[in-house]
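Q: Take the sequence shown: its letter number 66 is residue 575 in my numbering, and every next letter is one higher.
Hints are computed from structural coordinates only; laboratory data are not their basis.
The C-beta atom is built at its ideal place from N, Cα and C for all residues, glycine as well.
Incorrect hints may appear among the rest.
Said to hold, decoys possible - Below, computed lysine-lysine pairings styled on PhoX-like, alpha-carbon distance capped at 20 Å:
| hint | residue 1 | residue 2 |
| --- | --- | --- |
| 1 | Lys586 | Lys604 |
| 2 | Lys524 | Lys573 |
| 3 | Lys525 | Lys512 |
| 4 | Lys525 | Lys537 |
| 5 | Lys525 | Lys621 |
| 6 | Lys512 | Lys604 |
| 7 | Lys512 | Lys586 |
| 8 | Lys586 | Lys525 |
| 9 | Lys621 | Lys524 |
| 10 | Lys573 | Lys537 |
| 11 | Lys537 | Lys524 |
| 12 | Lys524 | Lys604 |
| 13 | Lys525 | Lys573 |
| 14 | Lys573 | Lys621 |
| 15 | Lys573 | Lys586 |
| 16 | Lys537 | Lys586 |
| 17 | Lys556 | Lys524 |
| 18 | Lys621 | Lys537 |
Said to hold, decoys possible - Pairwise CB distance ranges, derived in the manner of DEER restraints:
| hint | residue 1 | residue 2 | range |
| --- | --- | --- | --- |
| 19 | Met510 | Tyr581 | 17 to 27 Å |
| 20 | Asp562 | Ala519 | 30 to 40 Å |
| 21 | Asp558 | Glu522 | 44 to 54 Å |
| 22 | Tyr603 | Gly582 | 32 to 42 Å |
| 23 | Phe516 | Val601 | 14 to 24 Å |
| 24 | Asp523 | Met554 | 35 to 45 Å |
| 25 | Glu584 | Glu522 | 27 to 37 Å |
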Amino acid sequence: MTKIQEFLAALPEDKKALFIPVFGNVDKFYTVVYLIARNEHVTDMEKPDRYEDRLQVIRQIRSKVEDLVSSYGLEGKEIVADIASDYFEDYVNYKEPELDITNEEFIGIIQKL
Numbered sequence: 510m511t512k513i514q515e516f517l518a519a520l521p522e523d524k525k526a527l528f529i530p531v532f533g534n535v536d537k538f539y540t541v542v543y544l545i546a547r548n549e550h551v552t553d554m555e556k557p558d559r560y561e562d563r564l565q566v567i568r569q570i571r572s573k574v575e576d577l578v579s580s581y582g583l584e585g586k587e588i589v590a591d592i593a594s595d596y597f598e599d600y601v602n603y604k605e606p607e608l609d610i611t612n613e614e615f616i617g618i619i620q621k622l
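With the sequences and hints as input, model every part of the structure.
A: Spelled out as structure tokens, the structure:
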């Protein structure tokens, strides 16, 4: 478990409850932010058609997540940055974590934002 995962797991129940309407729980929140970071990185590296537009949308979503978490009384930018840091740590170490989320769940959560 990384430091940010430990931090999220240690949140008081009232703070964890704030994540439920959009993300389901703090573990799903972590997974969603991890995937946002991965999508941004892969899009930036591979530069598919209209990648600038894709990056802009991904960054808008990341910003919405940061603002939402900040509205919970937490450090949104720092928490999102720490999760992105976990992704890059895995990337440089060629680790592919098991993610417990379907594509449909991920898209559904993004749409709620």
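Q: All the hints need checking, so say for each whether the structure fits it.
A: Quick rundown of the hints versus the structure:
{"no.": "1", "hint": "Lys586 / Lys604", "verdict": "violated (24 Å)"}
{"no.": "2", "hint": "Lys524 / Lys573", "verdict": "holds (18 Å)"}
{"no.": "3", "hint": "Lys525 / Lys512", "verdict": "holds (17 Å)"}
{"no.": "4", "hint": "Lys525 / Lys537", "verdict": "holds (11 Å)"}
{"no.": "5", "hint": "Lys525 / Lys621", "verdict": "holds (18 Å)"}
{"no.": "6", "hint": "Lys512 / Lys604", "verdict": "holds (17 Å)"}
{"no.": "7", "hint": "Lys512 / Lys586", "verdict": "holds (16 Å)"}
{"no.": "8", "hint": "Lys586 / Lys525", "verdict": "holds (17 Å)"}
{"no.": "9", "hint": "Lys621 / Lys524", "verdict": "holds (19 Å)"}
{"no.": "10", "hint": "Lys573 / Lys537", "verdict": "holds (16 Å)"}
{"no.": "11", "hint": "Lys537 / Lys524", "verdict": "holds (15 Å)"}
{"no.": "12", "hint": "Lys524 / Lys604", "verdict": "violated (30 Å)"}
{"no.": "13", "hint": "Lys525 / Lys573", "verdict": "holds (18 Å)"}
{"no.": "14", "hint": "Lys573 / Lys621", "verdict": "holds (11 Å)"}
{"no.": "15", "hint": "Lys573 / Lys586", "verdict": "holds (10 Å)"}
{"no.": "16", "hint": "Lys537 / Lys586", "verdict": "holds (18 Å)"}
{"no.": "17", "hint": "Lys556 / Lys524", "verdict": "violated (38 Å)"}
{"no.": "18", "hint": "Lys621 / Lys537", "verdict": "holds (14 Å)"}
{"no.": "19", "hint": "Met510 / Tyr581: 17 to 27 Å", "verdict": "holds (21 Å)"}
{"no.": "20", "hint": "Asp562 / Ala519: 30 to 40 Å", "verdict": "holds (38 Å)"}
{"no.": "21", "hint": "Asp558 / Glu522: 44 to 54 Å", "verdict": "holds (45 Å)"}
{"no.": "22", "hint": "Tyr603 / Gly582: 32 to 42 Å", "verdict": "holds (37 Å)"}
{"no.": "23", "hint": "Phe516 / Val601: 14 to 24 Å", "verdict": "holds (22 Å)"}
{"no.": "24", "hint": "Asp523 / Met554: 35 to 45 Å", "verdict": "holds (40 Å)"}
{"no.": "25", "hint": "Glu584 / Glu522: 27 to 37 Å", "verdict": "violated (19 Å)"}
The structure fails hints 1, 12, 17, 25 (numbered hints given earlier, in ascending order).
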